[in-house]
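J.: So the chains spell out like this:
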Amino acid sequence: MSVATTANYLNEEKGLKSWLFTLDHKRIGMMYLFAVMIAFFLGGVFAILIRLELLNPGQDFFTADTYNQLFTLHGAVMIFLFIIPAIPAALGNFVLPLMLGAKDVAFPRLNLASFYIYVVGALFALYSIVAGAVDTGWTFYTPYSTTTSTSVISMTLGAFILGFSSIFTGVNFIATIHKLRAPGMTWFKMPLMVWALYATSIIQVLATPVLGITLLLLIIERTIGIGIFDPAMGGDPVLFQHFFWFYSHPAVYIMILPGMGIISELVTTFSKKKIFGYKLIAYSSLGIALISFLVWGHHMFTSGQSEFSSMVFSFLTFFVGIPSGIKMFNWLATMYKGRITFEAPMLYTIAFMFLFAIGGLTGIMLGAISIDIHMHDTYFVVAHFHYTMMGGTVIAFLGGMHYWWPKIWGRMYSEKWARVAWALIFVGFNVTFFTQFFLGSQGMPRRYYNYLDQYQPLHMYSTYGSWMLGVGFLIMAYYLIYSIYKGPKAPNNPWGGLTMEWQTTSPPIQHNFEEQPVLEHEPYDYDTRMVVNDQLIKKEDVKEKENINV
Amino acid sequence: MEHAEKKPSYLQHHFADMEQQTDAAKLGMWVFLVTEVLLFGGLFGFYTFYRAWYPEMFMEAHKYLDVAMGTTNTFVLITSSLTMALAIRAMQLGKKKQTIAYLAGTLFFAGVFLVIKYFEYSHKIELGMLPGKLYFFDGIQAANPHIFFSVYFTMTGLHGIHVLIGMIIIGWVMVRTMRDDFSPEYYNPIELTGLYWHLVDLIWIFLFPLLYLIG
Amino acid sequence: MEQQNTATAHHVLPLSLYFTVAGVLFVLTGITVAISFVHFGEFNIIVAMLIATVKASLVALYFMHLKYDNKLFMAVFLSSLIFLGLFLTLTMTDTMHRGDIDPIKEHPIKKEAVFYNK
Ligand code: HEM
Ligand SMILES: [Cu+2]
Numbered sequence: 000m001s002v003a004t005t006a007n008y009l010n011e012e013k014g015l016k017s018w019l020f021t022l023d024h025k026r027i028g029m030m031y032l033f034a035v036m037i038a039f040f041l042g043g044v045f046a047i048l049i050r051l052e053l054l055n056p057g058q059d060f061f062t063a064d065t066y067n068q069l070f071t072l073h074g075a076v077m078i079f080l081f082i083i084p085a086i087p088a089a090l091g092n093f094v095l096p097l098m099l100g101a102k103d104v105a106f107p108r109l110n111l112a113s114f115y116i117y118v119v120g121a122l123f124a125l126y127s128i129v130a131g132a133v134d135t136g137w138t139f140y141t142p143y144s145t146t147t148s149t150s151v152i153s154m155t156l157g158a159f160i161l162g163f164s165s166i167f168t169g170v171n172f173i174a175t176i177h178k179l180r181a182p183g184m185t186w187f188k189m190p191l192m193v194w195a196l197y198a199t200s201i202i203q204v205l206a207t208p209v210l211g212i213t214l215l216l217l218i219i220e221r222t223i224g225i226g227i228f229d230p231a232m233g234g235d236p237v238l239f240q241h242f243f244w245f246y247s248h249p250a251v252y253i254m255i256l257p258g259m260g261i262i263s264e265l266v267t268t269f270s271k272k273k274i275f276g277y278k279l280i281a282y283s284s285l286g287i288a289l290i291s292f293l294v295w296g297h298h299m300f301t302s303g304q305s306e307f308s309s310m311v312f313s314f315l316t317f318f319v320g321i322p323s324g325i326k327m328f329n330w331l332a333t334m335y336k337g338r339i340t341f342e343a344p345m346l347y348t349i350a351f352m353f354l355f356a357i358g359g360l361t362g363i364m365l366g367a368i369s370i371d372i373h374m375h376d377t378y379f380v381v382a383h384f385h386y387t388m389m390g391g392t393v394i395a396f397l398g399g400m401h402y403w404w405p406k407i408w409g410r411m412y413s414e415k416w417a418r419v420a421w422a423l424i425f426v427g428f429n430v431t432f433f434t435q436f437f438l439g440s441q442g443m444p445r446r447y448y449n450y451l452d453q454y455q456p457l458h459m460y461s462t463y464g465s466w467m468l469g470v471g472f473l474i475m476a477y478y479l480i481y482s483i484y485k486g487p488k489a490p491n492n493p494w495g496g497l498t499m500e501w502q503t504t505s506p507p508i509q510h511n512f513e514e515q516p517v518l519e520h521e522p523y524d525y526d527t528r529m530v531v532n533d534q535l536i537k538k539e540d541v542k543e544k545e546n547i548n549v
Numbered sequence: 000m001e002h003a004e005k006k007p008s009y010l011q012h013h014f015a016d017m018e019q020q021t022d023a024a025k026l027g028m029w030v031f032l033v034t035e036v037l038l039f040g041g042l043f044g045f046y047t048f049y050r051a052w053y054p055e056m057f058m059e060a061h062k063y064l065d066v067a068m069g070t071t072n073t074f075v076l077i078t079s080s081l082t083m084a085l086a087i088r089a090m091q092l093g094k095k096k097q098t099i100a101y102l103a104g105t106l107f108f109a110g111v112f113l114v115i116k117y118f119e120y121s122h123k124i125e126l127g128m129l130p131g132k133l134y135f136f137d138g139i140q141a142a143n144p145h146i147f148f149s150v151y152f153t154m155t156g157l158h159g160i161h162v163l164i165g166m167i168i169i170g171w172v173m174v175r176t177m178r179d180d181f182s183p184e185y186y187n188p189i190e191l192t193g194l195y196w197h198l199v200d201l202i203w204i205f206l207f208p209l210l211y212l213i214g
Numbered sequence: 000m001e002q003q004n005t006a007t008a009h010h011v012l013p014l015s016l017y018f019t020v021a022g023v024l025f026v027l028t029g030i031t032v033a034i035s036f037v038h039f040g041e042f043n044i045i046v047a048m049l050i051a052t053v054k055a056s057l058v059a060l061y062f063m064h065l066k067y068d069n070k071l072f073m074a075v076f077l078s079s080l081i082f083l084g085l086f087l088t089l090t091m092t093d094t095m096h097r098g099d100i101d102p103i104k105e106h107p108i109k110k111e112a113v114f115y116n117k
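From first to last, the protein sequence lines are chains P, F and D.
With the first letter of the first sequence counted as 1, position 416 gets the number 415 in numbering that gives the first Met the number 0; the numbers rise by one all the way through.
With the first letter of the second sequence counted as 1, position 1 gets the number 0 in numbering that gives the first Met the number 0; the numbers rise by one all the way through.
With the first letter of the third sequence counted as 1, position 74 gets the number 73 in numbering that gives the first Met the number 0; the numbers rise by one all the way through.
It is possible that some hints are incorrect.
[What the hints assert, rightly or not] With a cut-off of at most 30 Å between alpha-carbon atoms, the simulated BS3-like pairs for lysine-lysine come out as follows:
no., chain 1, residue 1, chain 2, residue 2
1, P, LYS188, P, LYS537
2, P, LYS537, P, LYS336
3, P, LYS271, P, LYS415
4, P, LYS278, D, LYS70
5, P, LYS485, P, LYS13
6, P, LYS538, P, LYS488
7, P, LYS336, P, LYS271
8, P, LYS415, P, LYS485
9, F, LYS94, D, LYS66
10, P, LYS272, P, LYS488
11, P, LYS537, P, LYS488
12, P, LYS488, P, LYS271
13, P, LYS537, P, LYS278
14, P, LYS188, D, LYS70
15, D, LYS66, F, LYS95
16, D, LYS104, F, LYS132
17, F, LYS123, F, LYS62
18, F, LYS96, D, LYS66
19, P, LYS336, P, LYS188
20, F, LYS132, F, LYS62
21, P, LYS271, P, LYS538
22, P, LYS272, P, LYS538
23, F, LYS94, F, LYS6
24, F, LYS6, P, LYS16
25, D, LYS70, F, LYS6
26, P, LYS13, P, LYS488
27, D, LYS70, F, LYS94
28, P, LYS271, P, LYS537
29, P, LYS273, P, LYS537
30, F, LYS6, P, LYS13
The hints are simulated quantities; they were obtained by calculation from the structure and are not laboratory data.
Keep in mind it's a predicted model, so treat the numbers as computed, not measured.
Chain P with its partners taken away, still in its complex shape (with noise of 0.2 Å):
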């Protein structure tokens, strides 16, 4: 097992500056998982909180104001600050050009600009924490957003500027799967992961930009007041909804769609066969991209929009179903009859799905009108989007990390440990969660920081299962960050992968590869291909000398 002692990106350049300064995708991508970790840590902090007040009716922690300004830190902080910039901003800037075979991204310098205008943006909404912390929900409602004497402007001032962020690593992924894909790699040969960061790119270009004028007219309506918002003054506040929601539903898919690209991956490597449906899972990747921009008023129904509009944007919606239907089916697909193995990112791989269809099949429930006025802004609605974006994208991101990080740091982490992980994790996400099902169909309100005596038992469940929930992450912050310093070397392709980024040493080599590589197989080629000790070797051969049983 060759094992890299030698130079590689962690070790060749030493020194903060180094880092600080540094052009390349991969440090860049490592800062970020960095930061998005550390919003992770603080996200959940407020969610544990939030919970805790929740566990018994009454207030007993937090007084109702303070209960407002947690769940709306907690929104805030989870989605803008930790899961849009997750999965393509850290994982997908180190893996991206390794997959592609490309040195770089496109735009190394954007990239690193990137990654600041990110640090700026989380500046100011943190900075809104100390100024009196912001209570309208993530989702900043107009007219309360402008009346309400918190801190609306340094936290949506602070949401604009992670936008740019968000744009910049659009439009550099955009151009580098474009134009950096390595010799041979036709659009048909690109890992699926590309697909999914590709698709996840246009929505990030297409659907922030009017975030961004969204929350700089809420900015101005809010300091001079120009009173497009105000129905006193002529304005409609249910625009501002259909300016907030025409990004916020397409956001869902910029978190979600790289998850499912992770798991494109992981379901071939672990399966040892080849992906069912190649062309399928790419295009549903676009037609997720596309269809998304169509369903955002089913946020909608009792908004006040008209009854023509609900009826359009209900109809739509169920579309949404059927290209992340077609991905589910063809990932059970390839699993049928493959040599599966569980290592710690296949049991996240079986989680997601599990997790994720749950997530999805409520939100086509939710998608009908006459279901989503009784359920809407009940936990019921809350259930749904946990399932979708923890039970869906944390959880891929959960695989993924665990599926890169022998590359990213050369370093094997306890299996042992991270099955234990993966078990709280897992159990602990279904017993807060499910609950809140039941909590809302029984009519519990979202955003409440007190509830009737009789919801009591459930509510009581769901805290402890975060209380799970956070004992496993603790654990795996532990063996992951043991592993960095500790952790036997790892392989160059533990996993027997066969993207590109597994031919390459762990750590990779500054610009990634020795030469350019050129593309000499598809990438889940497992019916002709595998790899015994870092070796790529063609089936065949393997069969003549017999050495090795197939």
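Got chain P; can you put chains F and D with the ligands on it based on the hints?
T.: Positioned in the frame of chain P, the structure of chains F and D with the ligands alone reads:
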């Protein structure tokens, strides 16, 4: 980087050749322009929805915009687009002095545009034709005229900021041209600046009739 | 100028083309302004937008070289207009149809600003 074959200094290490680099840069710029269109798109939406709600008010209020100044500015901006395009052409032919002259011309017209805009704005501010709560003009009879001026000021304001940013970038590529950074083989930054500048012109081409020339 | 490196070869368009395009843009600007003084009612906006679109296309095709460049750029640019169109149309399914089915009895949107009612 280490490769011995002579790569020109302006070819970045991760690209195989100039064509790949230029094409990537242009694609990146076009994608960025898409984001600009959608950024303004929000405001065009704002315009559309409110015009549909208050057609008479828009009709009344727009009469207080100065068509002569608006028209002049349209001519000015089109001319600046022309000089920008000619600056690129001059550099394609390696005529450095001409490039600088045309860039200077573009800067000049951009400046004229902003000066005219300044006069328009100060006139409106004086009379109280201002957005939202700041509005205190008495002359318009239709309901909610302040909304029209909210639309007017946000749209032309955002556009004006883009003109300003454009001027900074044009100034910068002008300096770089003087420094001999560019040649017929490499003039990508001027080209990208041009794309941005033409987009600013493009947006004005729509703003002008929508705001000044309502039937 | 020497053109040994084909990779950097590019179109140098004739000067006359640039001036013709600018000339047409000037003329069209004149026409829209002139037409705006004639009242066709509904048609004014349609004509004005048509002329603006022609002008914008000229700028994009010639000044921005879309006509000669990689067609991908054209597709990218057009996509922005398509998605903007979607945004406007779908939002108007709401703004243009309020009260169609359930008539609006109270007006949440005041027709007149409070502060303006002096
Ligand atoms: C099959 C796909 C999906 C469908 C049909 C769907 C449908 C819906 C509907 C109808 C609502 C509105 C419920 C209400 O407010 O009353 C909703 C809310 C929500 N969904 Fe989904 N959804 C889907 C996937 C996703 C995904 C993948 C994510 C995130 C990664 C997500 C995140 C959210 C969030 C955050 C909310 C709540 C927004 C708020 O704060 O009001 N959804 N979804
Ligand atoms: Cu949605």
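J.: Now tell me, hint by hint, if it's right for this structure.
T.: Evaluated hints:
no. : hint                  : result
1   : P/LYS188 <-> P/LYS537 : 18 Å, holds
2   : P/LYS537 <-> P/LYS336 : 20 Å, holds
3   : P/LYS271 <-> P/LYS415 : 22 Å, holds
4   : P/LYS278 <-> D/LYS70  : 24 Å, holds
5   : P/LYS485 <-> P/LYS13  : 20 Å, holds
6   : P/LYS538 <-> P/LYS488 : 27 Å, holds
7   : P/LYS336 <-> P/LYS271 : 10 Å, holds
8   : P/LYS415 <-> P/LYS485 : 15 Å, holds
9   : F/LYS94 <-> D/LYS66   : 24 Å, holds
10  : P/LYS272 <-> P/LYS488 : 27 Å, holds
11  : P/LYS537 <-> P/LYS488 : 26 Å, holds
12  : P/LYS488 <-> P/LYS271 : 23 Å, holds
13  : P/LYS537 <-> P/LYS278 : 24 Å, holds
14  : P/LYS188 <-> D/LYS70  : 22 Å, holds
15  : D/LYS66 <-> F/LYS95   : 26 Å, holds
16  : D/LYS104 <-> F/LYS132 : 27 Å, holds
17  : F/LYS123 <-> F/LYS62  : 12 Å, holds
18  : F/LYS96 <-> D/LYS66   : 28 Å, holds
19  : P/LYS336 <-> P/LYS188 : 23 Å, holds
20  : F/LYS132 <-> F/LYS62  : 21 Å, holds
21  : P/LYS271 <-> P/LYS538 : 13 Å, holds
22  : P/LYS272 <-> P/LYS538 : 13 Å, holds
23  : F/LYS94 <-> F/LYS6    : 24 Å, holds
24  : F/LYS6 <-> P/LYS16    : 28 Å, holds
25  : D/LYS70 <-> F/LYS6    : 28 Å, holds
26  : P/LYS13 <-> P/LYS488  : 21 Å, holds
27  : D/LYS70 <-> F/LYS94   : 28 Å, holds
28  : P/LYS271 <-> P/LYS537 : 14 Å, holds
29  : P/LYS273 <-> P/LYS537 : 14 Å, holds
30  : F/LYS6 <-> P/LYS13    : 28 Å, holds
Every hint, counting from the list given before, is met by this structure.
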